[in-house]
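The listed protein sequences derive, respectively, from chains A and B.
Read left to right, the first sequence gives residues 1 to 280 (our numbering).
Read left to right, the second sequence gives residues 1 to 257 (our numbering).
Just so you know, the hints here were simulated from the structure itself, not pulled from any lab data.
Any given hint could be a false lead.
[Unchecked claim] Far from chain B by the CB rule (all over 10 Å, computed), these chain A residues:
(1) V53
(2) S173
(3) K193
[Unchecked claim] If you anchor each label on the Cβ, the simulated ranges turn out as follows:
(4) L269(A) x T240(B): 54 to 64 Å
(5) S254(A) x A170(B): 40 to 50 Å
(6) I137(A) x S142(B): 30 to 40 Å
(7) Q170(A) x S142(B): 22 to 32 Å
(8) P174(A) x S30(B): 23 to 33 Å
(9) P174(A) x M244(B): 32 to 42 Å
(10) Q170(A) x N19(B): 16 to 26 Å
(11) F191(A) x R111(B): 11 to 21 Å
(12) A170(B) x Q117(A): 35 to 45 Å
Keep in mind that this is a model prediction, so the values were computed, not measured.
Ideal placement from N, C-alpha and C gives every residue a C-beta, glycine not left out.
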Amino acid sequence: MQSGQLAAGPAVAPAPDAAELAFVAAQRNERRRRILLPLLGGATLLLVWWALVEVFQVKPFIAPAPQVVARTIYDRFGLLMSNLAPTAIEAIGGFVLGNFAAILTAAVFVHSRSVEQAFFPVAVLINSIPVVAKAPILVLLLGNGLAPKVAIAAIICYFPTLVNMVRGLQAVSPQAMELMHVLSASEREVFFKLRVPTSLPFLFSALKIATSTATVGAIVGEWIGSQTGIGALIIQATYNFDSALLYATVLCGSTFSVLFFLAIRAIELWVVHWETGVAP
Amino acid sequence: MSSSPALQCDGVGVRFISNRQSVTALDGVSLTVAVGSLLTVLGPSGCGKSTLLRVIADIVRPQSGEVRVLGTTAEAARRSRQIGFVFQDATLLPWRSVIDNVRLPLEVGARRALPAGAMRPEELLRLVGLAGWERALPHELSGGMRQRVAIARALLGGPRILLMDEPFGAVDEITRDRLNEELLRIWRETGTTIVFVTHSIYEAAFLGTEVLVLAANPGRVREIMSIQLDGPRKLSARETPEFMRQAAHLRAVLESC
Numbered sequence: 001m002q003s004g005q006l007a008a009g010p011a012v013a014p015a016p017d018a019a020e021l022a023f024v025a026a027q028r029n030e031r032r033r034r035i036l037l038p039l040l041g042g043a044t045l046l047l048v049w050w051a052l053v054e055v056f057q058v059k060p061f062i063a064p065a066p067q068v069v070a071r072t073i074y075d076r077f078g079l080l081m082s083n084l085a086p087t088a089i090e091a092i093g094g095f096v097l098g099n100f101a102a103i104l105t106a107a108v109f110v111h112s113r114s115v116e117q118a119f120f121p122v123a124v125l126i127n128s129i130p131v132v133a134k135a136p137i138l139v140l141l142l143g144n145g146l147a148p149k150v151a152i153a154a155i156i157c158y159f160p161t162l163v164n165m166v167r168g169l170q171a172v173s174p175q176a177m178e179l180m181h182v183l184s185a186s187e188r189e190v191f192f193k194l195r196v197p198t199s200l201p202f203l204f205s206a207l208k209i210a211t212s213t214a215t216v217g218a219i220v221g222e223w224i225g226s227q228t229g230i231g232a233l234i235i236q237a238t239y240n241f242d243s244a245l246l247y248a249t250v251l252c253g254s255t256f257s258v259l260f261f262l263a264i265r266a267i268e269l270w271v272v273h274w275e276t277g278v279a280p
Numbered sequence: 001m002s003s004s005p006a007l008q009c010d011g012v013g014v015r016f017i018s019n020r021q022s023v024t025a026l027d028g029v030s031l032t033v034a035v036g037s038l039l040t041v042l043g044p045s046g047c048g049k050s051t052l053l054r055v056i057a058d059i060v061r062p063q064s065g066e067v068r069v070l071g072t073t074a075e076a077a078r079r080s081r082q083i084g085f086v087f088q089d090a091t092l093l094p095w096r097s098v099i100d101n102v103r104l105p106l107e108v109g110a111r112r113a114l115p116a117g118a119m120r121p122e123e124l125l126r127l128v129g130l131a132g133w134e135r136a137l138p139h140e141l142s143g144g145m146r147q148r149v150a151i152a153r154a155l156l157g158g159p160r161i162l163l164m165d166e167p168f169g170a171v172d173e174i175t176r177d178r179l180n181e182e183l184l185r186i187w188r189e190t191g192t193t194i195v196f197v198t199h200s201i202y203e204a205a206f207l208g209t210e211v212l213v214l215a216a217n218p219g220r221v222r223e224i225m226s227i228q229l230d231g232p233r234k235l236s237a238r239e240t241p242e243f244m245r246q247a248a249h250l251r252a253v254l255e256s257c
């Protein structure tokens, strides 16, 4: 950061003393702990899971042991991936569509108080209908293809992003607005040079939540009369008492959700570079 | 136009409506500021110091009275970029580097081009003592450095009036002393007329060629006092008997408000 200034220090670096070495060692230790401890936690969970299944002799169709699930993932990888593909397309499609619509709506709301007052209650109302209730309505409206699942994922993303984006666009300080006024900035310039950058941290916290809700939306959409997708596979595996496949499918869906989240997080770190210590 | 004062207020009155109550922020404020002077505005909180600055900058419209800035209306002066404003909080855009914050006035508004002979952003950063920090982001700077950036931004385009609203209120005393001296240097080098709002008696007396004392509820002119100091204005001037006497007078006036 201030490298240009600090580099002009003494040419010969002084030998690190004991305190400095201890500090560096402590920092390295801390980094290691932050990676190792969660791994240890995960391993413990697997061990307890395995032990419970072994000790209580749980029937495989009630709950499979972890190694059986791992085996299933390996053996039926092709089946899992061919079902993940449509779900991923639906989740990402819905994510893009829903968030894009939310950002546009927020921009309109910020420009017109009357539009906001007229339509915000409508958005609240639609949001208050549970997803499982919205899903059948959309399937009836849009048929049985990708469209209803994308629509459900989009609707589920829409509301949180709308609320956050409106808040973000309005989060400009009164002094910054006065500054723009003194500079005779137009409304357009205030929007793009001040409001939009101010809103980005708010937007990304909504987008990160939207990654998992969009995935949930796509899966719930597939529960209603669908032949492929993670949601359909979950239903099939459950009815067939194929618990190993059920667990493998669930794991597959949640892995996708985590990767989706990490991708948005990476974009956030790159875009919102001025925020120090953005919460993950 | 050169004969008109930098600033002239005639019977300026401002009322705000809050909670169905009408609050008179300024009442019949009249004053004249000559070109090249440094007027400090002193007064108890709620006396309308900031409101007065905002009237001059055409942020707040007065309900009564008239404001003339450089012989024109406040709005014309603002639109022709004759007014620079430094806020209490530096109000830098956190996503922009130091140099891009200083350049902001070139990217918005109708009057963007830098007038001939005006200092360039890099030169202004040198003027405020921040050469070498162009690429830093605001969060990497201290509070005092952020205010220097805000001053450089306000000076871009060579405004003839610089309005400062308690700009050093949030920095520590040592930094404030240094910034006060630097502000006097910048004032001498640029010849800009400055109106500087503060709640510190010493800052007001040390910086100002004139001090305007406002009384509160409603905000009105209590006294306009010109400061007489022999010799150059250095920090040590604050220990001279004549400085002490004038500061004591300001304190007495403030206490009677």
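Could you check the hint for me, namely that I137(A) and S142(B) are 30 to 40 Å apart, CB to CB? violated (57 Å)
Item to complete: Mind checking the hinted window 11 to 21 Å against the Cβ distance between F191(A) and R111(B)?
Response: Hint holds: Cβ distance 20 Å, inside 11 to 21 Å.
| field | Cβ distance range 54 to 64 Å for L269(A) and T240(B), holds or violated | value | holds (56 Å)
Check your understanding: Taking the CB of A170(B) and the CB of Q117(A), does the distance hold inside 35 to 45 Å?
Key -> holds (37 Å)
Between Q170(A) and N19(B), is the Cβ distance one that fits in 16 to 26 Å?
With a Cβ separation near 22 Å, Q170(A) and N19(B) satisfy 16 to 26 Å, so the hint holds.
Holds or violated: 32 to 42 Å for the Cβ distance of P174(A) and M244(B)? Holds - the Cβ-Cβ distance for P174(A) and M244(B), about 38 Å, lies within 32 to 42 Å.
Taking the shortest Cβ-to-Cβ distance between S173(A) and chain B, state whether it exceeds 10 Å. Nearest chain B Cβ is 7 Å from S173(A), so the label is violated.
Report task. With respect to the beta-carbon atoms only, verify the hint that Q170(A) and S142(B) lie 22 to 32 Å apart. Result -> holds (29 Å)
Notebook entry, point to check: Taking C-beta pairs only, is V53(A) more than 10 Å away from all of chain B?
Noted result: holds (51 Å)
Take the C-beta atom of S254(A) and the C-beta atom of A170(B), compute their distance, and say whether it sits inside 40 to 50 Å. For S254(A) and A170(B) the Cβ distance comes to about 47 Å; the hint holds.
For this session: Indicate whether the distance between the beta carbons of P174(A) and S30(B) respects the range 23 to 33 Å.
Result: holds (28 Å)
Worksheet item: Does the no-contact call for K193(A) survive, Cβ to all of chain B over 10 Å?
Response: Check fails; 6 Å does not lie beyond 10 Å.
Checked against the numbered hints given earlier, this structure breaks hints 2, 3 and 6; the rest are met.
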